[in-house]
Amino acid sequence: MVAEGALAAGCRFFAGYPITPASEIYEVMMREQASRGGLALSAPDEISSLCYCVGASLRGLKAMTATSGPGWALMSETVQYALMSETPVVITLVQRLGPSTGGATHGAQGDIFLAEFCTSGGYTIPVFAPSNAAECYELTRQAFNWSERLRTPVVLLSDKEVGMTSEPVDEAALAKPAVVERTWGDAGASIAAYDIERVEDVPCFGPAGGEVKVTVTGSAHDRQGRLRKPSAEVVELLLHLQRKIEVHAADMAMVHADLDPEASCLLVSYGITARAARQAVGMLRKEGFPISFLQIQTLFPVPAEALHRAAAGIRTVFVAEENLTGQYRAVLAPLLNDRRLLGINKIGSMISPTEIVRAIRRAGGTIPRGDWPSERSSEAGVREPLGTRKAGV
Amino acid sequence: MGDTTYLAADAKLPYCRGCGHALVVRQLSRALEGLALPARSIVLTTDIGCVGLADSLFPYVHTVHTTHGRSTAMAIGMALAEAVLPASGLKPIVMIGDGGAMIGLLHLVHAAQLNVDITVLVHNNFLFGMTGGQHSAFTPLDWCTSTTPEGNRVPPLDLLALLRAAHAGSLARQFATDGNLNAVIADAVAYPGFSLVEILEICTGYGGLMNKSKGAALHEVAGRQGYAIGQLEAKQPRPTFTQLYRHEIDSKTAPLLVEEGPGVVDPRVEAATHHPLPPPPTEEGSQLHRPKESRPTSLQHAGAADSRLKIQDSKPMHVVIAGAAGERVQSSAALLCRAALSAGLYTTQKNDNPVTQGSGFSLSEICLGPRPIQYTGMESADVVIAVSQEGWNELTTNGTLSALTPGSLLVLDSEIETESPTGRVVRQPFRRDATPKRAALAAIAFWLEKDPVIPNATWQSVVAALPVERRTDVSEALGIGSNLACQGGERAA
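Protein sequences, first through last, are from chains B and E. All letters in the first sequence, in the order written, are residues 1 to 393 by our numbering. All letters in the second sequence, in the order written, are residues 394 to 886 by our numbering.
Extracted from the complex, chain B is given alone in its bound form (with noise of 0.2 Å):
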């Protein structure tokens, strides 16, 4: 479905290199691109295949590759050069256990950090992480189309349950965005390089090629695209690929909000975890607790007015996720500084409902522990311990 998000969003350029549990994404790319009029082929290793998107992505085709822990780590240097030169280009990066091979097989929620934070300086990579293959198909759309308009590259964050499960899909209720291209500059400019108004404006791409000179670079440079030492100009162009993210940040949340006013603790998920987590909403509610659910499917920029509103009145958040140290949380929790912040975190294998579950009961406090039916003595599929850790922990 990631495959069919970006063909239907315009991919018409496609680089891949195999890796479980990405390899699927590049198959079908393969088999599918030259049908439908683009190009889809093996480079020799990751830097490559980001390397040639980005170059097809200069001469304006919508370009994509799919990787996962082991060769996104290879490609930072590149992802930081389409930052720089202002290159619209959708990595998505199917996660698997780390560090280093890890498991190549098992699922994992362990890349947040190094999605997000990969680039000299920290500034802000949209990602956006789907739970099911339908959300595959409509994040894939949106990262195109957010990577267009911002002219920046954009990450889809699956995960090796959400991208090697097969499941149904109702073609007819697929939310189907419309299609952004990048604004493309005047025929009769003299040159196309970095010319913005304002700081958060997004300057008109020309592809080389074209009529109109193009000078792109991915060293500090000024608006004629020059390579300069840090002057006033350079450092306002350095803030503009900030900037020009931050002022979309409210535009580009997505989330899924099943909010209950009663409730005094909320649980945030994303990913896989998202499936885990309102199943075991579902079951608390059904054991008359009331609690509020969110799912985040904008990682970055961070939806904070979601969350605020998500948290309003609720007094423990949880945030369940399969990494160790919380991740998401972690990034959570400056925006959640006057509540009680509690991770529910596992690595290995999927967090079960029924670990979440008995997660916010260990948690205590906020569920009188007495209206809970007692714990079984074995409990099955739970083979990791599970633990909760305050933030900051």
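Among the hints, a few may not be true.
Derived coverage of chain E by chain B (criterion: at least 3 residues anywhere in the stretch with Cβ under 8 Å from a Cβ of chain B; other residues may be distant) [claimed, not checked]:
{"#": "1", "stretch": "413 to 421"}
{"#": "2", "stretch": "455 to 461"}
{"#": "3", "stretch": "468 to 478"}
{"#": "4", "stretch": "641 to 647"}
{"#": "5", "stretch": "739 to 745"}
For the record, the hints were derived by calculation from the structure and aren't laboratory data. Fair warning: this is a prediction, and the values are worked out from it, not measured in the lab. The beta carbon of each residue, even a glycine, is placed where N, CA and C say it ideally should be.
Assemble chain E onto chain B, guided by the hints.
Coordinates of chain E only, in the frame set by chain B:
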């Protein structure tokens, strides 16, 4: 203005006195003037280092200043895009140093293999100039650099020999001081495919000082490395990858190419999704995830109200099917999912096998339910179908068996050796009666005959959607399983 003007007439070259780079940019400009190519048909793609300062000297051609070693890779992407775009004749010219050629060696190799229409000018001055004179993979033996102060002990790479092995079409080596360098560059740019010119220079800032060498010593150094000079490879041009791919696109899209409008899905995708079911599986492993990754599958709710459906509450049923690799375990599981889908159920299917794919166990975990499946894992399997010892052993290893409850149903092949598992055990000779490759399907049919979660009628549509050559095989396997169930051959383990 500027149509065939290249190096700015008043360009102040930013290089050290005597640096070969100045000669190269002038010779490049002369070469382009000689070819009379429109300036906008050139993309000067520069690498990092002193060589990367050339962009601003060419005010009329497109310039792309890249990262260290990646200039070639980005030029490859630009050249490949020509397969999709209207033909423009755009020519990327890569300017890269010996350091960039070292770190980006694989890009040069792949560019040569693909035969993309780019020209690479490698400025080989035997060291990293901008960073302080460190040696590279192209530094000659005994050459002194800031990191080989007593002379380089590692023999240099012969770039042209290496790229010849990678099927490069046009390869040349010249000195920066050669008067005919412009002609050599012009030949390379005009070559319709991958071309590379290695230009030997001495870095006056480091190489010259540290080796007490001047330009004249360059010939002696090159001679000692055994470097031949001149046009070393000029093959009959072969089609570029871009041309080959454009041909492929043309052949596949000629009758079908439809422009997409905003918000409109490619009509061919829409048409494909109107099929009630995705393409049927062909071989073990080949279609495991295609329902998800290829075409969205329409949901069929016709059977949702069927009174025979056993799954009535919202809790999904969890089924594990295990067997041996190559025995169609996962594709049989996919057929079960399609049948469930036709019966109006929601499904998820996850597969597992050893990393070697073609040996050992093969396993599918399936969730079936009347509502969309949220959590795709299972805390305890309701039904376990095992048709080979490898599959059974894996169920022991991965914890499936230890999580079973007394209510779990186990449908096992008679040949499987087991301890006494938790749950109700049923054994039948699926492998013997149906053959090993059809055992999984027979066991599924056996289970559904005993426990009609899915109406039998739905299998007819699943079989009908299969390629003709597979229908008989699948029908027979299903029939064998049903017959075993009807014979009442159930016995406790």
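Tested hints:
1. Counting residues of the stretch 413 to 421 of chain E whose C-beta lies closer than 8 Å to any C-beta of chain B gives 0; at least three are required, and the coverage claim is violated.
2. For the stretch 455 to 461 of chain E, the proposed coverage by chain B is satisfied: 6 residues have a C-beta within less than 8 Å of a C-beta in that chain, meeting the threshold of three.
3. Interface restraint, the stretch 468 to 478 of chain E with chain B: holds (11 residues with C-beta to C-beta distance below 8 Å; minimum three).
4. With a threshold of 8 Å between beta carbons, the proposed coverage of the stretch 641 to 647 of chain E by chain B holds, since 4 of its residues qualify and at least three are required.
5. Taking a C-beta to C-beta cut-off of 8 Å, the stretch 739 to 745 of chain E contributes 7 residues in contact with chain B, enough for the three needed, and the coverage statement holds.
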